[in-house]
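Peer 1: Take these sequences, add in the hints, and give me the full structure.
Chains W and S supply the protein sequences, listed in that same order.
Each residue of the first sequence is one higher than the one before, counting from 1 in the working numbering.
Each residue of the second sequence is one higher than the one before, counting from 1001 in the working numbering.
Hint data in this document are derived by calculation from the structure and do not stem from the laboratory.
None of these values were measured; they are calculated from a predicted model.
A few of these clues could be false.
Cut-off 20 Å, straight-line C-alpha distance, at most; resulting in silico cross-link-like pairs (DMTMM-like, lysine to aspartate or glutamate) [what the hints assert, rightly or not]:
hint, chain 1, residue 1, chain 2, residue 2
1, W, Lys91, S, Glu1293
2, W, Lys35, S, Glu1140
3, S, Lys1027, S, Asp1262
4, S, Lys1002, W, Asp173
5, W, Lys95, S, Glu1293
6, W, Lys255, S, Glu1293
7, S, Lys1188, S, Glu1109
8, W, Lys95, S, Glu1063
9, S, Lys1002, W, Glu162
10, W, Lys91, S, Glu1289
11, S, Lys1002, W, Asp166
12, S, Lys1002, W, Asp127
Below, each chain spelled out in residue letters.
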Amino acid sequence: MRKISWFNATSLTLGFAFLYMPMVILVIYSFNESKLVTVWAGFSTKWYGELFRNEAFLDAAWVTLRVAIVSSTLATILGTAAAYVLVRGGKFFGKTLFSGMIYAPLVMPDVILGLSLLLLFISVGLDRGLLTIILAHTTFSMCYVAVVVSSRLVSFDRSLEEAALDLGCTAWDAFRSVTLPIIAPAVISGWLLGFTLSLDDLVIASFTSGPSSTTLPIKIFSAVRLGVSPEINALSSILIGLVTIGVISFSITTKRAAVRRIREENAT
Amino acid sequence: MKRLAVILLPYSWLVALFLVPFVIVVKISLSDTELAIPPYTPTLDFSQGWEGLKSFFAALDFENFVFLSTDDLYWKAYLSSLKIALISTFAALLVAYPLAYGMARAPVEWRPTLMMLVILPFWSSFLIRVYSWKAILANEGLLNQFLLWIGVIDSPLTILNTPTAVYIGIVYTYLPFMVLPLYSALEKLDGSLLEAAEDLGCTRFQAFWLVTFPLSRNGIIAGCFLVFIPVMGEFVIPALLGGSQTLMIGKVLWEEFFSNRDWPVASAVAVILLALLVVPIVLFQRNEEKQREAEG
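Peer 2: Next comes the structure, spelled out in C-alpha cells:
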C-alpha cells in the first residue's frame, strides 16, 4: 500500500470534518433534554416522543412518501427512455432541444421551475394537490435519471446489443434481455436519486402544492424559519439515519453483485 | 414506429412540463396585476375567436419590466445574487480542490469508501443540512461558545443572519457538486505525467500548476457551473441563514409571489433571471455533451 502524504491526509481530514460536523452536532443535540438547542442539559429521547405524537408531521410524511414513490417511478421510466434516445437514438429532429431540456433542469433554479409549473397548472385549470406535485417532481427527477442512465449506456459494449439483434431479437427483446440487465444498477440509482430529490424538495413543492397536500419539507421549513426546534432536530436525525442506512446497504449490495458477476465470468 | 414512440414519450413530457411553462411565464410577465382569480389580466379566451386573440395581444405590454428597472431593489438583488454566486463558487472550488485531490491520490482500496462519504451528505436532505448551521452560527451558538472558550474572541461574533452565514451555507451544501466532477477528472490523471514533469526539473508546485491543474480543467468547469447556476436563484439558504440583510433574487421572487401575490412581477423577475442564466446553462450543456461524446 502506498503511503499517503501529510498534505493529502490533512485535506481529507479537514474536508470530511467540514462535511460531517454539522450533521453530527444536529444528531447529538436531538437527544438534548433542554428546549434551548445550544445548551446541553442531559440525555433525553423526549423530542422523538413529541414528534411521533405530532399528527401534522405524520400526515405530511405520508403525503411526501406517496409523492416520492409515484414520481420517482414515473421519472425512472421516462428518464430511462430519454437516456436511451439520447445515447442510442441516432439523429432526429430537435435533438439539441431535447438534450437541452434534459440538462437545463439539473441546474435551473428551483424558484423558476416552481413558478413556471404553477402557472401552467393554473392556466390549464388543474387544481393544486398531490397530482400537481407528482407531475412537477417527475419532470425534474426524470432529467437526473436520464443523466445517470446515459452515462452507464455510454460506457457499455454496444456489440452485445447488436449480437442479440443479429440472433433475431426484436429491438424491444434486445433491450429487455440484454441492455436492461446491464444498465440495471444505474436505473436503480436513478430511482433512488429521484426518490430522495422528491423527499427533499421544498421550493417546487411550495409552488405546486395545495392546502390539503403539505409535504414534510414545507412543514419543516415553516417550523425552522424563525429559529431552531428540538423536534425538527429529532426528525432530521431520523431522516439522516435512514439515508445513511439506505446508502450503505445499497453500496454493499451492488458491490457484492459486482464481485459475484466477476466470479461467474471467471468461472465460465 | 416503436422508435418514434420511445422518442416521443419523454420528448412530449418535457415540452409540456418544461418548455410550455416558460412560454406561459413570459406571457404572464407581460400581463397586468388584477384582483381576481387568476390574479392577472388579460386571460386568453378562445371562444371569441380571432378578435379575442387580437385584443389579448394588444393588452400585453412591458410595464412590469419598466417597473423592475425603475425600482432599484431589483437591480440590487440581481447584482447581489451575482456577487454571492461568484464568490461562493470560487470559495467552493478552493475548499473542494484539496479534498478531491486527496481522494484521487488516496490508496485505490480507500477510494470507494471516500466516494461514498462525499455522496452521503448529497443524498441527505438539503433543507436539513442548511438548517444544521443555524444552531452552530447563532450568537449563543456552538461556534461562538468554542471561540470564547479557547479565548480567540471576548464577545460573540454575529454570523447568523449576515451574508457570511450565506457563504458558509452555500459552500457547505454545494460542496459535493464541486468535489465529484473534480474527483472524476483528477482520478483519470496519469501519474507518469507528473513524474515526467518532475524528472524534467519541475518543482512539485510547478508540476501541479503546469500538469495537474490544466488537466483537471473539465472537472473545474463542470463543478463551477453546477454551483454557480443554481446558487444564482437560491432561496432556502438566504431565507434560513441570511436574515433581512441578505438580498438575493430568488428570495425577492418568492416574496413577490407568496407575500405580495403579484404574479406578473414575479414572472418578470423570473424572465430576467432566466435571461441572465441562458448563457451559462448553454455552456454547461455543451460541456456535458462534449464529455459524453469523449467517453463514448
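Peer 1: A separate judgement is required for each hint: does it hold in the structure or not?
Peer 2: Here is what the structure says about each hint:
The hinted pair formed by W:Lys91 and S:Glu1293 meets the criterion: a straight-line CA distance of about 14 Å does not exceed 20 Å. Note on W:Lys35 and S:Glu1140: the hinted pairing holds, with a Cα-Cα distance of about 14 Å set against a maximum of 20 Å. Pair hint S:Lys1027 plus S:Asp1262 holds up; C-alpha atoms about 14 Å apart against a cutoff of 20 Å. Simply put, S:Lys1002 and W:Asp173 have alpha-carbon atoms about 12 Å apart, close enough for the 20 Å limit, and the pair holds.
This hinted pair checks out: W:Lys95 and S:Glu1293 have alpha carbons roughly 14 Å apart, not beyond 20 Å. Taking the CA atoms of W:Lys255 and S:Glu1293, the gap is about 28 Å. The hint is violated against a cut of 20 Å. In summary, the hint linking S:Lys1188 to S:Glu1109 is supported, as the alpha carbons are separated by about 16 Å, within the 20 Å threshold. Under the criterion of a C-alpha separation no larger than 20 Å, the hint pairing W:Lys95 with S:Glu1063 is inconsistent with the structure, at around 36 Å.
Proximity of S:Lys1002 to W:Glu162 is assessed by CA-CA distance (about 18 Å); at most 20 Å being required, the pair is judged to hold. Between W:Lys91 and S:Glu1289, the direct Cα distance comes to roughly 14 Å. Compliance with the 20 Å bound is thereby established for this hinted pair. Between S:Lys1002 and W:Asp166 the CA atoms are separated by roughly 19 Å; this keeps the pair inside 20 Å, and the hint holds. At roughly 34 Å between alpha-carbon atoms, S:Lys1002 and W:Asp127 are farther apart than 20 Å, so this suggested pair is violated.
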